[in-house]
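Residues per chain, in single letters:
There are 2 protein chains.
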Amino acid sequence: MEKIVSLCKRRGFIFQSSEIYGGLNGFWDFGPLGVELKKNLKDFWWRRNVRERDDMEGMDGSIIMNRAVWKASGHEETFSDPMVDCKECHSRNRADQLPEKNGEKYCPNCGSRKLTEPRDFNLMFKSHAGPLESDDNLVYLRPETAQAIFVNFRNVLDTSRQKLPFGIAQIGKAFRNEINPRNYIFRSREFEQMEIEYFCRPEDGMRLTDYWLEERLKFYEDIGIPRSKIKIHDIPDGDRAFYSKKTYDLEYEFPFGVSELEGIAYRTDYDLGKHIEHSGKPLDYFDEATKERLVPHVVEPSAGVDRTTLALLCEAFDEETVTDEKGHSETRTVLRFHPRMAPIKCAVLPLLKNKPPLVEKARAVASSLKPLMNVFYDEAGAIGRRYRRQDEAGTPFCVTIDFDTIGENGPEKQDTVTLRHRDSMQQERIALADLKAYLLERIL
Amino acid sequence: MEKIVSLCKRRGFIFQSSEIYGGLNGFWDFGPLGVELKKNLKDFWWRRNVRERDDMEGMDGSIIMNRAVWKASGHEETFSDPMVDCKECHSRNRADQLPEKNGEKYCPNCGSRKLTEPRDFNLMFKSHAGPLESDDNLVYLRPETAQAIFVNFRNVLDTSRQKLPFGIAQIGKAFRNEINPRNYIFRSREFEQMEIEYFCRPEDGMRLTDYWLEERLKFYEDIGIPRSKIKIHDIPDGDRAFYSKKTYDLEYEFPFGVSELEGIAYRTDYDLGKHIEHSGKPLDYFDEATKERLVPHVVEPSAGVDRTTLALLCEAFDEETVTDEKGHSETRTVLRFHPRMAPIKCAVLPLLKNKPPLVEKARAVASSLKPLMNVFYDEAGAIGRRYRRQDEAGTPFCVTIDFDTIGENGPEKQDTVTLRHRDSMQQERIALADLKAYLLERIL
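First to last, the protein sequences are chains A and B.
Our numbering puts the last residue of the first sequence at 444; the count rises by one with no breaks.
Our numbering puts the last residue of the second sequence at 444; the count rises by one with no breaks.
Chain A with its partners taken away, still in its complex shape (with noise of 0.2 Å):
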């Protein structure tokens, strides 16, 4: 895990928030890698959820919504995990989490034994919207985005032309005041979630979750984490929550651990029935086959954008010892991430920097490749060094112009480069006229 850590640091994936101010607990910001890293896997999720089907609408809510919302969803009530303050040194801990000696739980701040009972801490970061510091004008951060798509459940029928099953989905940062924000960028105190709300007729609930199931491991498949790598955790009976009838964890074998990835739950109608309570709208639906009106039940695939990003970053970190054409062994640490999913789809190289020709012609090609794809132009130093370097980020391919490129060897040769692959280090000759076909095919 260090070593990812450390390639995501120097590499300009993933910064400490705020570092130079000494950080903040749970908090993270993406470099310049990192941000393309994440967007290709969120537009990827909706490209594939949203676009690409026809029963499917898009939406994005606020940040911050009517408190009643949370009230509602039960979240006020019951979005806590147990704490105890220490009497002596007044830290704050969780109950679960307490060290144990002879049996008698201390204070892991101050070895005290002199702790109060556990009490719910809700997750909810807390706020004010308005001018005054009031109990009526307290807000919270959503610690989900599945409720802003409950609540305009309604607002979407009525404005889209969709009939069940149908679903709406979401990409929306998310907060919880974690106790024990921990493993990177796996459990932060704001985060990223892409979220499916499907939609349908009760009986459609069970088939409906294991198809949810099937889709979503196949969405890992095509961003390059094998149906292998993920674990699927049926919750039994008893374990789920009390109004879910199915729930699927799909877990990956992080370093620090196997952990959820996503979970797919088939939540019944309980989210649509307690705003329907609350709020006494009909969000119900008219069947106009069966003339009857009812409560969609709903399946919830919801899957974590930073969690995703740094199973990514795990299934691609690779490290080899590779021989160079003098004999010596080094190590070459590689990014292998789909090329769907990389940061940078290809770099551009002069062979050399000083040859005016040769420059002109790579910025000309790295030109004409940018309105369609993240492309790196690169001229410093030996183009063995350049490779490593985009072995590093993870690029795919790389294009080297040299003097067959632009005619000195020839006209037969003129107009061809040199495609370098990042997996295999194998190179190939590839008429120019062909590259942007060839890279479309492989990365969209």
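If you are wondering where the hints come from, they were derived from the structure by calculation, not from laboratory data.
The structure displayed is predicted, hence computed values, not measured ones.
Hints may contain errors.
It does not matter which identical chain is used: a pair holds within one copy or between any two.
With a Cα cut of at most 16 Å, we get these calculated EDC-like pairs of lysine to aspartate or glutamate [claimed, not checked]: (1) LYS281 <-> GLU19; (2) LYS355 <-> GLU408; (3) LYS274 <-> GLU428; (4) LYS246 <-> GLU412; (5) LYS114 <-> GLU88; (6) LYS114 <-> GLU100; (7) LYS370 <-> GLU52; (8) LYS274 <-> ASP284; (9) LYS173 <-> ASP96; (10) LYS42 <-> GLU77; (11) LYS163 <-> GLU379; (12) LYS291 <-> GLU408; (13) LYS355 <-> GLU76; (14) LYS246 <-> GLU214; (15) LYS274 <-> ASP404; (16) LYS3 <-> ASP415; (17) LYS246 <-> ASP234; (18) LYS105 <-> GLU117; (19) LYS71 <-> GLU19; (20) LYS246 <-> ASP210; (21) LYS245 <-> ASP234; (22) LYS370 <-> ASP54; (23) LYS42 <-> GLU52; (24) LYS3 <-> GLU392.
Starting from the known structure of chain A, arrange chain B on it as the hints suggest.
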């Protein structure tokens, strides 16, 4: 304006946040069409400013940062509006917006003239990170994205290969606890910014401010807001922030008045200087050419996502009287978005829904386009009504699959479709084989 607000609600562009609970003042949700419009805007800004430029790095910082950031930037001290409390009804109001009668100010809520002296009300949303609601744990929701860029200046410089001048770009949410949110999504409490901090040598600051003015005007033109509609306000000496040597406001004529879309401010070395002073970290730059260390100056083009989205809607909205084949005139509502911004790029319509070969062909055409663009498939209702629905959604192209397409009128017309243009309502015949390239050229 009412017509635009009504269309936005009716067609699913924009909803009130938490509407079923009476909404929340200053917060908005984006529906199925709104989220696509906003995504197109953000994606094009990112492509134009980050991916197509060699001198720009992207990043994505957390919304909650260490409080020290806001002490250093001056926001904790000075990011405020003047407020007065009413001593009778305890309502709080902006001092500069109080109603006046006979030269005396009074409370807009109860009419009392017993008002406190004005005092500063900080516009940053407060919260606490960690288990205690203590001063040590106080955090703010960022009121602007810019500071995340300044505090990451060193990290980005060290992990990229940039030399001055170069920029760092970011899109993300920011929060301001406005006392009086107003003008629909123009001034809300939760909003999104697209900001660039472009770092340069001091002697290049003024010139680059003019360069960015020109770049940004081109950008607005490229999304369908013509140069003639943007008023450039060159803020005079004395009206600018004290550290700014030059500031341009780009203003658009909204229905509620001419208002700011974007500010382009030459902020000198004020921000990096403040963070050097407060963090003690070396946020300076070593110039290899001149062998000197310097604190870069910065030019900041800062645009609002929601404001620009609103400008796109206002600019696109049109009503015209059209006459149908039978001589009846009616009002056509149309959103004349630039194809690049339009939420739906192309609607695919089988002429009749009860002819399986038409439906099958239309679905195949829609599927072939979907990985490349947002496509809407619609088979319900008369073709004229379906066109009108797309006009209201701003869809630039409709493709109709008819009996010619499926070869019922001879092989020479087979695999051609009717392409109908939103703005002119003109129709032309186009070969299916050419459709993808035709559309891509216009929406990219």
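Which earlier hints turn out false for this structure, listed by number in ascending order?
3, 4, 9, 10, 12, 13, 15 and 16
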